Amino acid sequence: MRKIGIPEIEDIATGAALLGAGGGGDPYVGKLVAMGAVRDCGPVTLLDPEEVPDDALVVPIAMMGAPTVLAEKAIGGREYQQLYDMVSRFFGKKIHAFMPIEAGGVNSMLPIAAAARLGLPLVDVDGMGRAFPELQMVTFTIGDISATPMALTDEKGNSVIFETITNKWTEELARAVTMSCGGSVSVSLYPMSGAQMKQYGVRGIVTRSQQLGAAIRTVKTAQDPEGHFLEFTGGYKLFKGKIADVLRETRAGFNFGRVLLEGIGACKGRTAAVEFQNENLTAEVDGNIVATVPDLICLVDTETFSPVTTDALKYGKRVLVVGLKCFEMWRCPAGIELVGPRYFGVDTDYIPLEERYKEVCQHV
Amino acid sequence: MYKLGIDVGGTNTDAVLIDENRNVIADIKCPTSGDIYDGILAALRTVLSVSGVDKRQIRQAMLGTTQCTNAIVERRNLAPIGILRLGAPATLGIPPMVDWSDDIRQICAGSAVIGGGFEYDGKELAPFDREAARAFFLEMKEKGVQSIAISSVFSTVRSDHEAEAAALCREVMGEDVHISVSSEIGSMGLIERENATILNAALWKVAQRFTEGFAQSLADEGITNAAVYLSQNDGTLMTMEHARRYPILTVACGPTNSIRGASYLSHLHNAIVIDVGGTTTDFGVIQNGFPRESSVAVTIGGVRTNFRMPDVVSIGLGGGSIVRLRPDGTVTVGPDSVGYEITKKALVFGGDVLTATDIAVRLGMYQLGDPSRVSHISEELARKALAAMRAMVEDAIDSMKVSSADMDVIRVGGGSIILPEQLAGAAQVIKPEHFGCANAIGSAISKVSGTFEQLINYDELPRDKALEQAKAQAVDLAVAAGAIRDTVEIIEAEDVPLAYYPGHTNRVKIKAAGDLAN
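Chains as they are written, first to last, in the numbering used here: chain W, 32 to 395; chain C, 152 to 669.
It is possible that part of the hints are untrue.
[Said to hold, decoys possible] With a Cα cut of at most 35 angstroms, we get these calculated DSBU-like pairs of lysine-lysine:
hint, chain 1, residue 1, chain 2, residue 2
1, W, Lys389, C, Lys552
2, C, Lys274, C, Lys292
3, C, Lys622, W, Lys199
4, W, Lys251, C, Lys535
5, C, Lys622, C, Lys660
6, C, Lys660, W, Lys299
7, W, Lys187, C, Lys294
8, W, Lys187, C, Lys292
9, W, Lys345, C, Lys274
10, W, Lys299, C, Lys274
11, C, Lys274, W, Lys187
12, W, Lys268, C, Lys582
13, C, Lys552, W, Lys268
Simulated from the structure, these hints should not be mistaken for lab results. Every value quoted in this text rests on a predicted model; they were computed, and no experiment measured them.
Can you build the whole structure from these sequences, using the hints too?
As structure tokens, this is what we get:
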């Protein structure tokens, strides 16, 4: 158990944006929502998963919709009380604690705001250990935990809670509500018991985000910032280059695209490409795949080492492409089926990052 | 007819005169004064006497200044303001100024978040709460506040509520109140736009001082036939009236002007520009005649905004950089510098500090001061120092490039004499005439522009048509700002698809710019 205040929020936001692997939104607005709540209501208590009773009701909080809409409408602040009331009423039981569903600039922050505003603790756990584009892409799906009852509310006070027959339907209904409500809503989904959270959750993710954020904040003071960055992230350097082109396309409400890189520094003369669907899916160097989902492919600024989201990819930007190992549970067959390369239409087997790196990338 | 360009920097005030064919007639430098008036006056007198130009023939006068930037960074002369946001019940989770540091938060005399604003598609988010707005304006009036920042959710899509609030503000607080409206200042992203609007509101006194100082110095020198303009961040101009209302738009005009001036002087539209000062060197890129913009949000004095700013990399190398021989035989240059004291401290000027300028003189790259005072320096040391400078500059050049192909490099600024004639990664290194006053020249040749930005659903309006319409609107905006229609070009076009929408909603942003009508 420890407290999360304003300085911790800064670091968690940066670290979570890195773990967003290109998605998860710009941490700026999310950070302000959390800061606003903590300024109003005081610091948040962060619980280790082991500190949560097995029969306690634990509820993830997130937002659904376009980060660009969130950047305009932000959060009203009363959404969390509404979600709390709906979910508690549904179960006839009080919510014990909130938790994040994913690591990413936005959704790592909103549960902190919710916890602060309602005076509830936050659990140091999530359901991805990174960000993914679709609702069913959580470790809880592997554990057969339902996404519903899912509660949604907009900043105006409109709210709905529903149950569905499949997570596909959940996604469909949630999207329709999101659109009607103006493009962004606050949600709670995958309500679960403390026992389920402990069995399937990605533990320590808030703390890991904070450590990564703190390290990025101070990386410039290191003798060899790049080496230091790779060391503290446990990252594999896949490529370093300048963005030569960004191809974007919207299909079925997702941002698809491909960013082409021309090598700089030791990678001079080589090329790389990163495919994305909100989050980065695959990285290729000179035509060879060097990393795929569910491992994390992160682009960071070569000077500041701050994460670059797929929304911010822009011609001429200089980036370091880094691979990070995903949460172990994603590497089991059920995990690969859910979030492996083939699910995203990439015709390749999943080979763990460290093995691909050994084969192709060690000369970088 | 002549154009007058003035650049008020931290150390020097530069002035240039160019004729209607854009030939540089004269360029001079004077020290900047505490109140910018005396420095400008001195610069005007000098440039007029050097050129012998008839003052009545000066038809356009342009000023570039960092006064606003300095005021924000130094928290100086900022006026107390009221902050009104239309967006409740949305946005209440983020109060205005939530992440500002305490020393600058004090400028806020009061703030309110009230009903109003729109959804992304232009639907009303909440009705404009007129009564709450009136109450807030009355409160601000009682407190003696003279400047109000108004922002609203999705005002980049629809600005009706902001306009209504501004009209009401005038009604309640009187015609003299200064009103800053977010839709006219920033782009998408409420908080960054609101931040920029707040800064703008707080700058009205600073703006009043420098616009009046400039107008007064022109009048006092008898330059009365000139239309007067200010340079903005993006290399385009605004009128004095506009500058008084939107002073925040001047904050990055310094590097922009120097990049554009360098491009003009060298006749290159695509190149890397190296501006060497006394302490630092700025690297920028000119792309199709305009400075390449930064892709990251720009922070001014700790406040995040979403302005368009030039993409500039600075390194600690300048004419006054201190050169040191280490015990292991290596030589370092900078990042510390003797700065403006170079004319006292550098060896060639009779001082006792070995500087980058001394190295250039020792190696015969430039004639300056007393060369005999550096003849004792060993050629080996001088060569090592030059190699160190070369490595710093070549690294920075490489980091600015978007491909491995060699690019033209233009070097400008008073300190640029320390750079070698040849640089790796450069197709050619050009040192244009009048290189010392590139920024004043950039100011004199600024264009006028118009920017169009909106969310458009390509299912309702096909992409080709949408872009065509958006471009036409941007061109109209540029012409409205004073551009000659025939010269207006689209200088930036961007459409970004928005996730999670059915259909194909895109954020479309088009910028057009053209030459200023004579």
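Here is how each hint holds up against the structure:
no. : hint                 : result
1   : W/Lys389 to C/Lys552 : holds, 31 angstroms
2   : C/Lys274 to C/Lys292 : holds, 32 angstroms
3   : C/Lys622 to W/Lys199 : violated, 41 angstroms
4   : W/Lys251 to C/Lys535 : holds, 27 angstroms
5   : C/Lys622 to C/Lys660 : holds, 9 angstroms
6   : C/Lys660 to W/Lys299 : holds, 33 angstroms
7   : W/Lys187 to C/Lys294 : holds, 32 angstroms
8   : W/Lys187 to C/Lys292 : holds, 31 angstroms
9   : W/Lys345 to C/Lys274 : holds, 31 angstroms
10  : W/Lys299 to C/Lys274 : violated, 50 angstroms
11  : C/Lys274 to W/Lys187 : holds, 13 angstroms
12  : W/Lys268 to C/Lys582 : violated, 39 angstroms
13  : C/Lys552 to W/Lys268 : holds, 22 angstroms
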